[in-house]
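S.K.: One letter stands for each residue in the lines below.
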Amino acid sequence: MIRWKPAFTEAFDHSFKGLILIGFAALILYLWQTGDMLLYIAPDLVPYVVAASVVLLALAGSQFRLAARSLREKVVVCDCGHDHEHDHGAAGHRQGGTRLLLKKSGIYGLFLLPLLLGAALPNTAFAGALAVNKGMNMGAVPVDDGKADLELVELEGNVDSGLKELFRTQPYNLDYAKLGMLLYQQDLIEMKDQWFIEKLEAINRFVDNFQGKTIQITGFVYRDKQLPGGQLIVGRMAMTHCIADIAPYGMIVETPSADDYANDTWITVTGTIGKTQAGGRDIMKIVATDIEAAEPSAVPYVYPDINFASKL
Amino acid sequence: MENTTMQRRTASSRTNLFAAVSLLIILGLYLFSSKASGTWLADPKLQLFKTLFISIMLEAMPFILVGVIVSALLHVFVSDAMIRRFIPSNPVLGILTATVLGILFPICECGMVPAIRNLIRKGMPTHVAAAFILVGPIINPIVFWSTFTAFRSHPEMAYMRMGLAFVIAFLVGLIVYRFVRFDPLREAKNAPISHAHEHAHAHHQHHDQHDADHEHSQAHRSGKIAEVMGHAVSEFFDMGKFLLIGAILVGLLQTFVSNADLMALGHGPGSSNALMMVLGFMLSLCSTSDAFVAQSFLNTFDKGALLAFMVFGPMLNLKSLLMMLAVFKARFVLIIGACVTVLVYVGSLLVLN
Numbered sequence: 000m001i002r003w004k005p006a007f008t009e010a011f012d013h014s015f016k017g018l019i020l021i022g023f024a025a026l027i028l029y030l031w032q033t034g035d036m037l038l039y040i041a042p043d044l045v046p047y048v049v050a051a052s053v054v055l056l057a058l059a060g061s062q063f064r065l066a067a068r069s070l071r072e073k074v075v076v077c078d079c080g081h082d083h084e085h086d087h088g089a090a091g092h093r094q095g096g097t098r099l100l101l102k103k104s105g106i107y108g109l110f111l112l113p114l115l116l117g118a119a120l121p122n123t124a125f126a127g128a129l130a131v132n133k134g135m136n137m138g139a140v141p142v143d144d145g146k147a148d149l150e151l152v153e154l155e156g157n158v159d160s161g162l163k164e165l166f167r168t169q170p171y172n173l174d175y176a177k178l179g180m181l182l183y184q185q186d187l188i189e190m191k192d193q194w195f196i197e198k199l200e201a202i203n204r205f206v207d208n209f210q211g212k213t214i215q216i217t218g219f220v221y222r223d224k225q226l227p228g229g230q231l232i233v234g235r236m237a238m239t240h241c242i243a244d245i246a247p248y249g250m251i252v253e254t255p256s257a258d259d260y261a262n263d264t265w266i267t268v269t270g271t272i273g274k275t276q277a278g279g280r281d282i283m284k285i286v287a288t289d290i291e292a293a294e295p296s297a298v299p300y301v302y303p304d305i306n307f308a309s310k311l
Numbered sequence: 000m001e002n003t004t005m006q007r008r009t010a011s012s013r014t015n016l017f018a019a020v021s022l023l024i025i026l027g028l029y030l031f032s033s034k035a036s037g038t039w040l041a042d043p044k045l046q047l048f049k050t051l052f053i054s055i056m057l058e059a060m061p062f063i064l065v066g067v068i069v070s071a072l073l074h075v076f077v078s079d080a081m082i083r084r085f086i087p088s089n090p091v092l093g094i095l096t097a098t099v100l101g102i103l104f105p106i107c108e109c110g111m112v113p114a115i116r117n118l119i120r121k122g123m124p125t126h127v128a129a130a131f132i133l134v135g136p137i138i139n140p141i142v143f144w145s146t147f148t149a150f151r152s153h154p155e156m157a158y159m160r161m162g163l164a165f166v167i168a169f170l171v172g173l174i175v176y177r178f179v180r181f182d183p184l185r186e187a188k189n190a191p192i193s194h195a196h197e198h199a200h201a202h203h204q205h206h207d208q209h210d211a212d213h214e215h216s217q218a219h220r221s222g223k224i225a226e227v228m229g230h231a232v233s234e235f236f237d238m239g240k241f242l243l244i245g246a247i248l249v250g251l252l253q254t255f256v257s258n259a260d261l262m263a264l265g266h267g268p269g270s271s272n273a274l275m276m277v278l279g280f281m282l283s284l285c286s287t288s289d290a291f292v293a294q295s296f297l298n299t300f301d302k303g304a305l306l307a308f309m310v311f312g313p314m315l316n317l318k319s320l321l322m323m324l325a326v327f328k329a330r331f332v333l334i335i336g337a338c339v340t341v342l343v344y345v346g347s348l349l350v351l352n
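So the protein lines, in turn, are chains A and B.
Take 0 as the starting number for the first sequence in numbering that gives the first Met the number 0 and just add one per residue.
Take 0 as the starting number for the second sequence in numbering that gives the first Met the number 0 and just add one per residue.
One chain only, chain A, in its complex shape:
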């Protein structure tokens, strides 16, 4: 056995790991504080990630303690078959040392990369650039293969019976019927951050009921290849969990001045709801009466709310 001496390499290793852990925690807390975290993950997930930063800090603390201890006393190598990189023959020792160093810097470099990227590059919201990669959802109602003969039901509760009759639907669509009735009674249907997708789906499911209704939508301009002249799409990006699952949702807007609006610019469109075809199915369109330039929304994305019906 070699005589014990202060283990500077180990102390350095532990401290460096501690620093990386603190770096991750700092990145999380910084994004949380500035509110930019919503550019990366959905609000549901934020508490978990913030809690993770606390755990990271605790783990970092343990690494510093370990570093301090390995300078003070011998921290015994555990009984569990470590790979002792420094433990090969005397001849290969020097060479092993450099290889180890290279390898370590490679691994630490990998962990530093997200921290560097996070610090060096500004946080930005994505709109059209990603929509091109993902393909726009326009709320075309899925085909009801063979289920069309399913018994239609009406919503219970004290709503006007004529209205209930209008929104008769399959049992699984009742949530949308409820939202649809609410929108139906509004003078102006506003498409804002809250329930953007849900409203889009509700209107498209009962598109005949909404003909001629006035609607206002704010979003970014998008075009896809099939779109004829005189039309553009106004959309928002929807995020369920993180950027990887982001998907664009939008409405077709019909206006003679469609060419005046560049892709990715934000506009507010006011108009009446009409009907058009996409992929062989009826979907809504907006016949624009007024288009104004708009500021990008303060909330970068819209988030699907699976429990929206219970909040109405």
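These are calculated hints, taken from the structure and not from any lab test.
For the chain A half of the interface with chain B, some residues (derived, Cβ under 7 Å), not all of them:
#1 L116
#2 T123
#3 A243
Derived list of chain B stretches under chain A, where covered just means 3 residues or more per stretch with a C-beta under 8 Å from a C-beta of chain A:
#4 53-63
#5 146-160
#6 226-232
#7 278-286
Residues of chain A placed beyond 10 Å of chain B at every Cβ, according to the derived structure:
#8 G22
#9 Q32
#10 T97
#11 L162
#12 D259
#13 W265
#14 G273
#15 K274
#16 D281
#17 A297
#18 L311
We put the beta carbon where it would ideally sit given N, CA and C, even for glycine.
We have chain A; now place chain B onto it with these hints.
M.R.: Okay, now just chain B, sitting in the frame of chain A:
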């Protein structure tokens, strides 16, 4: 011993090579986009990549921390005998137990892999582990609920997803039980933990090392906590590098390959199923969120293809494949991967026809 050390060294140097290559790719991207000097920082592709990379990392962080801490707790507090008592020796019952475990521990695959390594070391049979790793990310209440709500007009999708995942995990478990006769872990069983980059951490304070004035039991307890934390950190760095490489690759793929182009590749019943499986593999989504993505393809593909996407993705994706390769022998991952691929493809075609 000499031999396994050598093996491990080559394996880990392969990992490093991979890491180095990935870094070079990034560097290449930097330079590539720097047509005018100084503008590369604002390049939209780089921005997109960075956002994807950090987003995936942030999303996975809580889950991987839970995974490494559970793993460390298992290592320190759970004995081999307890595991053996808990898991029935009958293979069928053992595999069924694994599916229940998934319901009890709703963690996704980022947390699953580190935990499973420790369970195998503690004597969990390979076939049970294989079933658990496949079923865990799918058969759990959170995933069921999110699938059910995403496909509210097709409630059968949620049931079929659970059912198909169960059948596939069960079959793979049986195949592994019948045919896999080797130790699936990359390092030998008698070397319970290998942190290639790690030298030492405070595990057991040997008795002769104790300071005379230390209260014995207190030293022991704080020793245990330090042990858990030490293990958690080394496992975090061990698994983390694979997660990061996975996040880099997913980020690059999503930046440069568009779904729309992929979609153009196949629309027939057979090819669309294969296509959605490729997409599931590439996107590496968390199993709790992929149902919403699948749902957006409802108008493009038939339900069998979406089912293939939602079953294959959580079982095998770019991110989890890298993490599995870190823990298991390539041969074992290959067997599992091949079985899952064939079974999901056939299963998703059969289910809806």
